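**Student:** Going by UniProt numbering, the sequence shown opens with residue 1, and the numbers climb by one from there.
Please keep in mind that the hints were generated in silico from the structure rather than gathered at the bench.
Treat the hints with caution; some may be incorrect.
[Said to hold, decoys possible] Below, computed lysine-lysine pairings styled on DSSO-like, alpha-carbon distance capped at 30 Å:
(1) K232 to K316
(2) K232 to K220
(3) K221 to K316
(4) K316 to K233
(5) K220 to K309
(6) K260 to K297
(7) K326 to K345
(8) K232 to K345
(9) K220 to K345
(10) K529 to K100
(11) K232 to K155
(12) K528 to K513
(13) K297 to K544
(14) K544 to K459
(15) K260 to K220
(16) K529 to K544
(17) K459 to K400
(18) K221 to K309
(19) K233 to K220
(20) K221 to K232
Just so it is clear, the structure is predicted and the values come from calculations on it, not from any experiment.
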Amino acid sequence: MFTCRLSWWRSGATCKPWQSGGFLPCLWERCQPPSRKGIATTAGQGQQVSTQEKQVLEDLEMPLARRESESLFQEQPETGNQYLEDALLRSYLRTHLPPKVLEEVNRDLERFGNRLLTQIRPLGWECELNPPVFRQYDAWGQRVDQIVTCSAWRKMKEIAAEEGLIAEAYERRYSNWSRLHQAVKLYLFSSFSGGFNCPLAMTDGAAKVIESLGIPGSLKKPFDHLTSRDPKKFWTSGQWMTERRGGSDVANGTETVARKQPDGTYRLYGFKWFTSAADSDVTLTLARIVDAEGRVKQGSSGLSLFFLKVRDEEGKLNSIQVQRLKDKLGTRQMATAELWLDGAKAELISAEGRGVASISNMLNITRIHNVIGAVASMRRMISLSREYAHKRVAFGKLLKDHPLHMQTIARMEVQVRGAFLLLMEMVRLLGLAETNMASEQDQLLLRLLVPVAKLYTGKQASAVAVEAMESFGGQGYMEDTGLPVILRDTLVLSIWEGTTNILSLDVLRSLTKSQGQAMAVFFSTVQKKLELASSSAELEPAVKQMQDAINSLARFTQAAGAKGALTMELAARDFSYSLARVYAGTLLIEHAARPGASPSDISAAQRWCNQELCPAATELENSSYEAEEALLDSALVYEGSPAHSSRL
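Turn these sequences into a full structure, and let the hints guide you.
**Tutor:** This is the structure we're talking about:
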């Protein structure tokens with residue numbers, strides 16, 4: 001017979017009713033039977049036992065089978081205004097924004113934080129409970145290919161317009177700080193958005209591509225819709241690149257062809273394997289133009305970029321057939337579909353054969369959005385873990401009073417702080433670039449940091465989400481707490497917009513294309529930031545550790561570069577991690593060295609620098625990047641498999 005332990009019940013504690021978008025009340029735990037003597041009271045409570053306490057005592061001593069009702073004993077963690085509770089975010093804005101901009105942005109973010117709690121969070125949970133449904137035929141057998149989304153999803157679109165979650169970056173009312181203002185709002189919005197952050201990423205990317213093309217006349221109306229604050233006019237965009245033969249390998253995996261029409265438009269024919277936010281209004285996509293002889297050019301130089309509307313003025317699909325919706329592990333709130341393009345009308349918007357170069361602006365934006373989602377999910381999980389530690393009692397005391405538990409949360413906090421500052425650095429540089437205020441060095445650094453930050457935070461987010469879930473014990477595994485949703489949606493962040501290995505190779509490409517200039521800018525930037533912090537006695541050990549890491553990284557780049565392409569490819573992942581750790585650590589030191597820095601700022605910088613900062617150098621010393629090691633890798637992976645003999 002099981003009864004419930006009372007040592008963690010408190011006088012006056014009540015079970016909160018279910019709140020849409022929040023945690024459901026946690027179930028009581030089954031554990032060892034308590035005695036009445038185990039109930040502790042404070043001196044102020046005296047010896048009186050309230051009616052509620054008496055009822056709880058009676059319930060606890062009653063066999064489970066005989067109880068008429070159950071009492072719930074774990075309190076759900078409640079967070080407040082996410083902007084007001086994010087000390088790092090607020091201190092960053094105070095440090096960097098001009099006073100007038102700070103005043104207005106602070107007011108907007110506090111208001112937005114309240115809206116997140118009262119309106120957006122419940123809508124986000126409703127999106128999770130009511131995922132999109134594919135209706136292929138109507139009642140009379142007519143094919144309609146309708147993707148039905150819930151009212152909350154549609155309301156999210158209206159809110160995104162009203163809040164200027166895209167418009168803010170393009171109105172530029174705060175000049176180079178407008179992009180940072182937008183990024184912060186998206187960071188606050190992401191974890192409550194019910195998956196709507198994904199279509200916003202692609203919408204932002206599409207607007208960026210159109211702007212980079214000079215907003216030609218034919219795209220002026222679409223650009224205005226994509227950047228509108230009017231919910232009735234706001235459009236979202238898709239990004240249809242992935243086909244059956246490849247994901248990131250668009251150069252060899254794109255089979256879709258484009259046939260020119262007499263009126264100058266094109267008709268697209270092909271199959272799109274993944275189309276996220278398939279309910280969007282418009283999209284950008286790649287295709288190969290068929291020449292007069294019926295031939296197409298292969299490789300990336302054969303790809304051109306097209307803009308198309310998903311539906312015509314009557315609401316009918318633009319010669320597009322929806323094959324099915326994808327059955328995904330996470331991001332279930334959003335419709336991801338397989339689509340046949342069977343003569344879809346489209347407009348060529350890049351120079352012929354320059355599609356990959358033209359869409360690169362979109363990829364940079366969507367990768368930054370990926371970082372925003374990663375940092376936001378980490379912050380959300382840690383905020384909930386922190387609040388839960390203030391309420392959950394185990395082994396006679398609150399979780400926050402268990403040193404090991406708090407050490408675990410603190411380690412996660414250090415990770416999210418480094419990731420957050422890396423994100424802010426990227427959007428700061430992007431804001432400079434978009435207002436023609438960026439130096440050549442700024443642009444080289446931005447090009448390098450985007451893939452580095454995306455790949456590193458994607459892996460960080462998954463690790464932090466798993467660790468944070470564990471901090472809730474068994475409750476973390478319960479669907480109705482909402483925690484598994486955050487974990488599932490986080491896992492895709494290392495896959496979306498390029499996997500870790502793909503982006504590691506992109507990092508190498510950025511260095512090669514700049515002929516080493518990007519790496520030189522990286523070293524000079526971190527050195528300047530460290531010099532400004534060198535006068536702080538508290539940060540002296542961290543600065544010394546970072547200087548050692550920079551020296552190791554410099555030796556690695558010289559030694560690995562001399563060994564050839566294979567060595568650099570094998571080292572690409574560890575090298576990218578090294579760049580991320582060194583730069584994020586430098587930003588933490590810089591933030592901790594500013595006037596008015598808190599003890600937490602200093603502690604975070606010190607702790608970050610205690611980890612291995614340059615794993616690439618360590619692995620090079622261990623000969624992990626030699627050609628022989630590559631052969632052993634294959635042998636190790638395929639030993640015992642049917643492919644083993646053929647690979648040998």
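**Student:** Hints first: check each against the structure and report whether it holds.
**Tutor:** To see whether the hints hold, each was checked on the structure:
1. For the given pair, K232 sits about 19 Å from K316 by alpha-carbon distance, which is consistent with the 30 Å threshold.
2. The hinted pair formed by K232 and K220 meets the criterion: a straight-line CA distance of about 17 Å does not exceed 30 Å.
3. Between K221 and K316 the alpha-carbon distance is near 20 Å, which keeps this suggested pair within the 30 Å criterion.
4. With a CA separation close to 18 Å, the supplied pair K316 and K233 stays within the 30 Å bound.
5. About 14 Å separates the Cα atoms of K220 and K309, which keeps this hinted pair within 30 Å; it holds.
6. For the proposed pair K260 and K297, the alpha carbon gap of about 15 Å is at most 30 Å, so the pair holds.
7. Only pairs whose Cα atoms come within 30 Å are accepted, and K326 paired with K345 is accepted, the gap being roughly 25 Å.
8. A C-alpha spacing of about 24 Å is found between K232 and K345, which places the hinted pair at or below 30 Å, so the restraint holds.
9. For the suggested pair K220 and K345, the alpha carbons sit about 18 Å apart, so the restraint of at most 30 Å is met.
10. Under the criterion of a C-alpha separation no larger than 30 Å, the hint pairing K529 with K100 is consistent with the structure, at around 26 Å.
11. For the proposed pair K232 and K155, the alpha carbon gap of about 11 Å is at most 30 Å, so the pair holds.
12. For the given pair, K528 sits about 24 Å from K513 by alpha-carbon distance, which is consistent with the 30 Å threshold.
13. Proposed proximity of K297 and K544 is contradicted: the alpha carbons are some 54 Å apart, above 30 Å.
14. Only pairs whose Cα atoms come within 30 Å are accepted, and K544 paired with K459 is accepted, the gap being roughly 27 Å.
15. A C-alpha spacing of about 22 Å is found between K260 and K220, which places the hinted pair at or below 30 Å, so the restraint holds.
16. In summary, the hint linking K529 to K544 is supported, as the alpha carbons are separated by about 13 Å, within the 30 Å threshold.
17. The straight-line distance between the Cα atoms of K459 and K400 is roughly 27 Å, inside the 30 Å bound, and the hint therefore holds.
18. Between the alpha carbons of K221 and K309 the distance comes to roughly 12 Å, so the proposed pair stays at or under 30 Å and holds.
19. Between K233 and K220 the alpha-carbon distance is near 13 Å, which keeps this suggested pair within the 30 Å criterion.
20. Proposed proximity of K221 and K232 is supported: the alpha carbons are some 14 Å apart, at most 30 Å.
Against the hints set out earlier in the document, a violation occurs for number 13 only.
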